[in-house]
Amino acid sequence: MLELKNLTKCYDKRKTAAVSDINLKVNKGELFGFLGPNGAGKTTTIKMITGILAPTAGEILIDGISIKDDPIKYKKNFGYVSDTPNLYERLTGIEYLEFIADVYDVNSEARKAQIQKYGAMFDIYNALGDRIKSFSHGMRQKLVLMGTLLHNPKLWILDEPMVGLDPMSAYCLKEEMKEHCRQGNTVFFSTHVLEVAEKLCDRIAIISNGVIVAIGTIDELKAQAEDGNLTLEDIFMNVVRRQE
Amino acid sequence: MNKFLRLFKFKLYNRIGLGGIKSAFASPGLRIKATAIFLSVLIILCIFVIFLIFTMSMMYKSFVQSGGKDLYLNFIFIFAQLIGFFTLIISSFNSMFNSKEHDILSSLPVKREHIFMTSYVELYVSFLVSMLMIVLPGLGVYQYYEGFSLTFTLRALPGYILFPALPATVVTFVMFAVMIVAGRFKHTELISTLSGVALIVACFILYLSLSTGGSSYKQDDLAQSLIGNSDLIEILSKCMINVFAFKMLLGSVYEFLIGAIILIVIFATTCFITYFAGGCLYEKVMRLLSSSAGGRWTKTGRYRKSSVQRALIRKEFKLLLRSPTYVMNCIINVILGPLMMLIFGIRSYNKEAAVGEDIFSRITVLLKNNMNADYVICGLITALTIAVTAFGMVASTCVSREGSNFTVMQTIPVSYKDQIKAKLTSALIINLVCVITTMGVGGVLFGINFLPVLLGIIICIIASLSFNYIGAFIDVMRPKIYWDKESQAVKQNANGMISLLLCIVLMILYALPFALYVVGIIDSIVFVVVLTMIMEVISLILTRMMLFRLINNKEIYR
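Residue numbers (our numbering), protein chains in the order written: chain L, 3 to 246; chain P, 69 to 626.
There's no promise every hint is true.
Claimed, not checked - Which bits of chain L does chain P cover? Going by a derived footprint, with three or more residues having C-beta under 8 Å, they are:
id, stretch
1, 49-58
2, 78-92
3, 163-177
To be verified - Facing chain P, a subset of chain L residues (Cβ under 7 Å, in silico):
id, residue
4, I74
5, S110
6, R113
7, K114
Honestly, the hints are just simulated from the structure, not real lab data. Even for Gly, the Cβ is constructed at its ideal location relative to N, Cα and C.
Okay, chain P solo, but in the shape it has when bound (with noise of 0.2 Å):
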């Protein structure tokens, strides 16, 4: 046991990188930059958990005006369980089948079963954080309305601990019969990448099938939405067997001792599965994995000559797509931007004969008056769409990517400004398709006219070359290059963070003039556009400027 503890301690500072956040904030010349990170880091949670205290508390009184309490619990946990799941997806691509740390470790004298459970272990605490982010504002809210309880707090405490433990180990062994399956491939990468793509889209369609009617903005029009989805909330509370020990928990004391019981059997069982089972298959998949990375990809050269930008394009597409870990993280945005759209649209076709149940709809209804209407939906699509190319992060990992290629890029005869605009270029195209299929699937399916969809393609596409530049700018300035795993070069990386809190500014100042005009303080839709697109512009040309000129300092002989 003291060994898997060392184990896990290790693999901790390692992959969290406590011991460079011990180190940084210990020494004096990194102690601001690290305080400047740290700190923005937690503006952006900050802004994350507001923003879900005020959509828990929306849903919760909806929840009580459509007659149940119990219905909220069952919400909140239900909500956890699909982020829980959307997380383990993305991290148990590194977290588990990292073959360069099995290889180090599996050398060592510590058993097998060890060395898989510090993986384990290390995607239960995940799930237990993305958990904790929507149980713990969910319950706060709850305690507000229904009055502060010590013992309702202290009841919920086995429950956050024990909650993990079947999801966990759900995930585990569905992602082994993924790998298992894709490991008997060719292109095992591919059809890993793909299998952890539709599991998202999955959860994403399962998490907005239940709360669509969250995204209403009258609390009377959500409440009857909300009674719609109630019999599928009831059906998986019941089904997921943690949902409703978690719930019980916060029951009666008869109640609370048999969620308990259920809950700590649960642990036990899927802990002593995982142990051994999971140990055993770990092996198995692994093998399988490292003999099927030898399989040939590539016939024959072209030996087609082509222009250096091309091959710098054709180069970080190839990075960019043959990654799991890479397409989770950095464009999985351009899926889930255009399937959103399709589950809004679709819903609000559903739903058209009960005159709109969707926000959408509903803002058609009540600006029927509005010779703008189609405006106002479309700048509602195009803020959402704008908002998820934020998301992306493949201009703010730009160079971090290159992790121990960086003296590629040094030593090559193309200078340093030509190799990020190849990385940016690649990551406008990104943005374009994301763009250009979200606004297209929400046009068509809202009945959008083609003029206000093509002004919010072109608003959208500025803002997201807006926020390539920002993302460059925040990597090319302090890139993350030591990394030993793709993981460390996104996900584990504070640009993508930093990044995401500015181009969350500027959205908020693109926003204001429809915002304005939304509560009647601008007429003119005309006036919106044009003042959105010059502010645009205008941070468009600066951030230009300041990437390139952080460009021209950065490369060493100019």
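Okay, chain L solo, but in the shape it has when bound (with noise of 0.2 Å):
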């Protein structure tokens, strides 16, 4: 579904590349977990992924389209929750969830489904005519959420989704991360909560220093450290103290 090859990225006049030659291959179904300490490089990757930032080289294909070739297309296949979340204020909720619905094409009927259902799932529903300069930053992270869902898209990229949200929303997103990967769909997240990771992913890639240090299952990833025992938080100091 996801697939990063030779990606770099250095930005000017630094000598050191802030994403140097990543090669990712995420699976149709998958629910992935991308990894890293502050500053590794998970952002610039996933803001390459998105279109935010080009490349310095390499490539990035989603469901087999580069977006160099057609990028109105790459985008959309994918539905991205950024770090923060960025919304027009003075639109309502709903009006922020039109207007992401007509620039994704979705039709009258869908949105009304999709918007009733993840606004009753987030709790959001009633709020949903308040303008969003009104809104908390749980309820601003939970638009964008409802946002990247309308149009059902096939990757699904998610950039501390968490941060903000109250325990029930959250564990209500994670149902709908596993939710998504089960009607065929992809999931791409960065966290830093490695519990999170650890009960979620079906693969993981740990980051550092903008090099991709681990890639696997959990499974795979206490293979490769050859200590069954290990938890995940475990393997992680290990591989980016390694790479230190």
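Dock the two chains into a complex; use the hints.
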């Protein structure tokens, strides 16, 4: 579903690459966790996947479509939840969702059904008539999540999605991520909460200093560490320290 | 006091971007860009000051001719007061009622009076700057004709500093009242925006009532028309106590002392009232505004599918019209254009018996033997309308206004080109409204035939399209997307200024054939219209090409 080939990003005037020669393949129906310490290159990678940043080198494919060849078709395949919920504050929640639905060409019936479903799930339906300006951080995060699910994306990309969510909504989100994969779609998300990653993910990649230092299922990572009793936290600490 | 000064310094750095300006000039990579922007701003300022000096000089001569240097001084101070009011009303929405900044600052161990006073001082300074833009050239012209005097210059100094105290306080409390009333309704922002627009329009009408005679281009006629306004100027100068006191500063020693005492008393009283009553009221208003922000706006969704372009245009309009800052800075010209025409037109009707006292009717008389007098008046209205549309900042801040939502623009499956097209369409619609209403009002009131009005509208629309392309070009090239407050995206954005400068150059170019016709170098009005249109179409094609080439280069993936 998602393929990164020799992906590199160097910011201007910096000698070291923020992301260096990453090769990664995320399969259809997979829930993929992207872990790494602060400044490791997680957000840079996600920004390149979503088209916010142009890579210095390499190629990105979603469902076989390269972002360079057909950026519009490529972008229709994913939904992106950024690490900060950027929204048009002067619109109401429902106006924002209608705007996103129009942009992603969602028909009237589908958008109504999706808004009612996710509005009830994230307990935000009654607030959708209010201006986004009056929303709390958590409510904004919920609205962004709803917006990205409206067109039922083949690939759901989430950057630190749990930040600001109440326990109930965090639970609902985790369930929705699993459900999204069960429907044959793919989820690619970054997180600092290792317990969440350990419980949820089918496969995990750990990035450090712009390089992927470990990749595989939890069992594969434990096998690589040659210690079956290690937790994901232990593995994470080991590989990151080794890289540093 | 130390905390207050620190807070003020912080806000000054934050708002004016002094830190950013310093670092831009210090950085070798940005120095050239910063210098270019600085020079552009300087050129616009110079053009404005030259225009002011020219106008003031004419006003001075006319006032002398109509028998009163005092009247001239009164006029300058009243004019400065009105311009200052205008600035304060626009600024207060962002300087005072910024809930984001208030939330941050009120969590700090700083007195609420200090938080409020920093905003007040900010308003005070903005009034001072706009006032100096009028008073300095005005008094400069006065001294040029009356002879330079150091005593006169020194006496004016306390006036500059103390003069803004009264208007700044009045506007602050008027805006408090507006916000308290607006905060009680569901559509707080809409009501506060409309109230702000109404106040600006009131200032504008008052100014035009005083100075319509100033649009006359013949000295004798101007002097005659100023006699008609002298009563109003006299009354206003007596009502506005700071104007009265400032003028006294420039008189004899005895008058200077009385004037200084009055200004100091006003300053002390207003500061005292503002500090105690303002600090208390400010807190109440902010609480009221934050509680009203949660009001329900839309009941349910439409759940109706529409095209991407329509969705983008609808979003643009909602974001533009729901923000008082955007309305005041970007689309106020839609109101001011027709209003200006209405006032000129009504005055023209009123003074018809006196063989026309304003510029349009006078030119009609001057060109009574000319078959194309309609075209000449229409040409002037067209030039005025083009100038009004150039002041709109919808296109020149189109990307900057996105701010942190720029990432939304980058990730949605719509090309950058289509998104900019939607923004340009909304700018064009606003310009269309401005052009049609301004030209329409002008055409009806001055009794111009349909054909010249139609030609004028076409010329204005083509010109405004070019202006939009220029504005969008500047903003797409270097958008200002990192901002906390909407005013930073429009008012404190050099893109608007640079775009305006380029539009002025184009305007001069477009006006050239018409100017040659008026002075008699070109005989045929048809030739003027055709030549203007050819120039406009060429610039339209060029600017469009430049913009879309830039957009293609900016698109990350093509």
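Taking the hints in turn, this is what the structure says about them:
1. 49-58: holds (count 5)
2. 78-92: holds (count 8)
3. 163-177: violated (count 0)
4. I74: holds, 5 Å
5. S110: Holds. Min distance 5 Å.
6. R113: holds, 6 Å
7. K114: holds, 4 Å
Hint 3 from the list above is the single one not met by this structure.
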